[in-house]
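For this one, chain P is given, so just place chain C on it according to the hints.
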Amino acid sequence: MSNSSINELGIGFKAMSAAFTGFNESTLQGTGLNDVYLQTVCNALNQTLVEELIALYATLVLENPDNPKGLKHAMRHQIFASPKWAPLAQNIIQLWYTGTWNQMSFDWTQAYGPFFPNDNTAIVSSDSYKQGLIWKAVGAHPMGAKQEGFASWAFPPPSAPEN
Amino acid sequence: MSDLEKHKKHLHHMLQKAIELEHSTIPPYLAAMFTIDENTNYGAYYAIRSVVMEEMLHMTLACNVMNATGGSPAIDQPKFVPEYPVELDFAGRDFDVGLVKFSKAAIETFLKIEKPEDLKIPPGPDEIFGMIPELHIPAMTIGEFYQMVICYMEQICREFGEEALFNGDPSLQLQPEQFYGGGGEVTVVKCMETAKKAIHTITDQGEGTSADSIWDGDAVNFDQEPEVAHYFMFNQIREERYYKKGDTPQKPPSGKKMKVNWKIAVNMIDNPKATHFPEGSEARQKADDFNNMYSNFLHLLHETFNGSPATMQQSVLIMYKLKYLALELLNIPVGDGKVAGPPFEFVPAALRTPITPVFPPKRSEEC
Numbered sequence: 001m002s003n004s005s006i007n008e009l010g011i012g013f014k015a016m017s018a019a020f021t022g023f024n025e026s027t028l029q030g031t032g033l034n035d036v037y038l039q040t041v042c043n044a045l046n047q048t049l050v051e052e053l054i055a056l057y058a059t060l061v062l063e064n065p066d067n068p069k070g071l072k073h074a075m076r077h078q079i080f081a082s083p084k085w086a087p088l089a090q091n092i093i094q095l096w097y098t099g100t101w102n103q104m105s106f107d108w109t110q111a112y113g114p115f116f117p118n119d120n121t122a123i124v125s126s127d128s129y130k131q132g133l134i135w136k137a138v139g140a141h142p143m144g145a146k147q148e149g150f151a152s153w154a155f156p157p158p159s160a161p162e163n
Numbered sequence: 001m002s003d004l005e006k007h008k009k010h011l012h013h014m015l016q017k018a019i020e021l022e023h024s025t026i027p028p029y030l031a032a033m034f035t036i037d038e039n040t041n042y043g044a045y046y047a048i049r050s051v052v053m054e055e056m057l058h059m060t061l062a063c064n065v066m067n068a069t070g071g072s073p074a075i076d077q078p079k080f081v082p083e084y085p086v087e088l089d090f091a092g093r094d095f096d097v098g099l100v101k102f103s104k105a106a107i108e109t110f111l112k113i114e115k116p117e118d119l120k121i122p123p124g125p126d127e128i129f130g131m132i133p134e135l136h137i138p139a140m141t142i143g144e145f146y147q148m149v150i151c152y153m154e155q156i157c158r159e160f161g162e163e164a165l166f167n168g169d170p171s172l173q174l175q176p177e178q179f180y181g182g183g184g185e186v187t188v189v190k191c192m193e194t195a196k197k198a199i200h201t202i203t204d205q206g207e208g209t210s211a212d213s214i215w216d217g218d219a220v221n222f223d224q225e226p227e228v229a230h231y232f233m234f235n236q237i238r239e240e241r242y243y244k245k246g247d248t249p250q251k252p253p254s255g256k257k258m259k260v261n262w263k264i265a266v267n268m269i270d271n272p273k274a275t276h277f278p279e280g281s282e283a284r285q286k287a288d289d290f291n292n293m294y295s296n297f298l299h300l301l302h303e304t305f306n307g308s309p310a311t312m313q314q315s316v317l318i319m320y321k322l323k324y325l326a327l328e329l330l331n332i333p334v335g336d337g338k339v340a341g342p343p344f345e346f347v348p349a350a351l352r353t354p355i356t357p358v359f360p361p362k363r364s365e366e367c
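Taken in sequence, the protein lines are chains P and C.
Per my numbering, the first sequence starts with residue 1, numbered consecutively.
Per my numbering, the second sequence starts with residue 1, numbered consecutively.
Calculated from the structure, these hints are not laboratory results.
Please read these numbers as outputs of a predicted model, since none were measured by experiment.
Keep in mind that the hints are not guaranteed to be accurate.
Facing chain C, from chain P, some residues (calculated, C-beta under 10 Å) [what the hints assert, rightly or not]: (1) Glu25; (2) Ser26; (3) Leu28; (4) Asn34; (5) Asp127.
Ideal Cβ positions, reconstructed from N, Cα and C, are used throughout, including at glycine.
Pulled out of the complex, with its shape left as it was, chain P reads as follows:
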């Protein structure tokens, strides 16, 4: 994939990921992993599938201008209830939260592949472990990285994630 197409696709991927994960785009960008994750999904499956999903998300955004509630509803029905898109969208959410790409199910692969030779469960990188959104979501830090200082455990975690 050329750099420019990754860049353009990256913008869409980030916006979509923000809607999926509940973290804003600046936080996703701050992990430094947006393009890495996009590449991960494209490598594991193929770019066409990713482009289709981003295009679908973009359509839903256009159909619901200034209507976050409507967008949420549309996403629920057209992405998260779709046998084709729900497993992929869920996988992208897990990718952001845990830094791990999970192999798609056998049935899904049969239906939409039918064959993805690079689709293996793997932690993307040591950085993806550290940057997992799960740590922010639970107000903790990745074990062995991003230390919080002596006796930080004496303080209750923040009651809600930052955004």
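Showing chain C alone in chain P's frame:
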């Protein structure tokens, strides 16, 4: 106002300047350190890191001296934070200090900041940022400035007695166990002798124990592993070589080679400011978050040195948070192949958002 009060007012003015000066070096050092790409330039990273940690100790020690003499450090106020780039205006020499990425130029500037009193080494090229605010220090070097502080304190002692000078509330002193990390140790200041010990820790770590030594005195003063003083720590990076036993200030280091790759650094824009980034942009959002966190942090530090030393623990936790926020900023492109960076700007208390968790935590009385 009595003569004693007048002298003390002047002394506190000097100490306030010292505290501001110690603090003002930290953001530039951190900018260079954070822009070292992960997994590269280890030697440089740890050299800068060790200096930064000791600058924090120095600020703490200066605050202890201030409190011991009945003054109060003013930390949560706009004037405390320099607007980078800032001109450090020493007697007879001045130079610009900015928040710039790890580079040869940045290290040259750091060498100027830490220059020992007696070192006769031609200065490197200046970084010029144009018309900028300045921080005035009425001495040739930081060490000389502290020497002036000691002399002045001794003069007050001679004239009015040691007890009149050191009449500060002892409960305001930050204790050694409340500070961790880095070389040296917190000295509780209660008399001229302990004040001198605190200040000598600063100058020994910064410039070396004497004109013919590159070592920082931690071995003699605190029974710790000896390190080279700050100037020489940075010189190791410039010369890409470590010092070894027997090396002297006048000669370049002759120890093991330090691997330095000047070409690899995160391409941070010079002197980032929140307002450089468009309203609503990713960079702006994170820069505002950073400034908010930083200003809340200054407030905690102010509390730490104005009656609540135990608050230091919470301040340290925020330092870690600031680091991770800074690293997030360095992942946000802002055009021209450059990325955003931590601005270290002051946000007035009225405009701040409180940070979570809320400090101090509630503990039940029975525990």
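Against the structure, the hints:
no., hint, in the structure
1, Glu25, "holds, 6 Å"
2, Ser26, "holds, 4 Å"
3, Leu28, "holds, 9 Å"
4, Asn34, "holds, 9 Å"
5, Asp127, "holds, 8 Å"
The structure agrees with every numbered hint stated previously.
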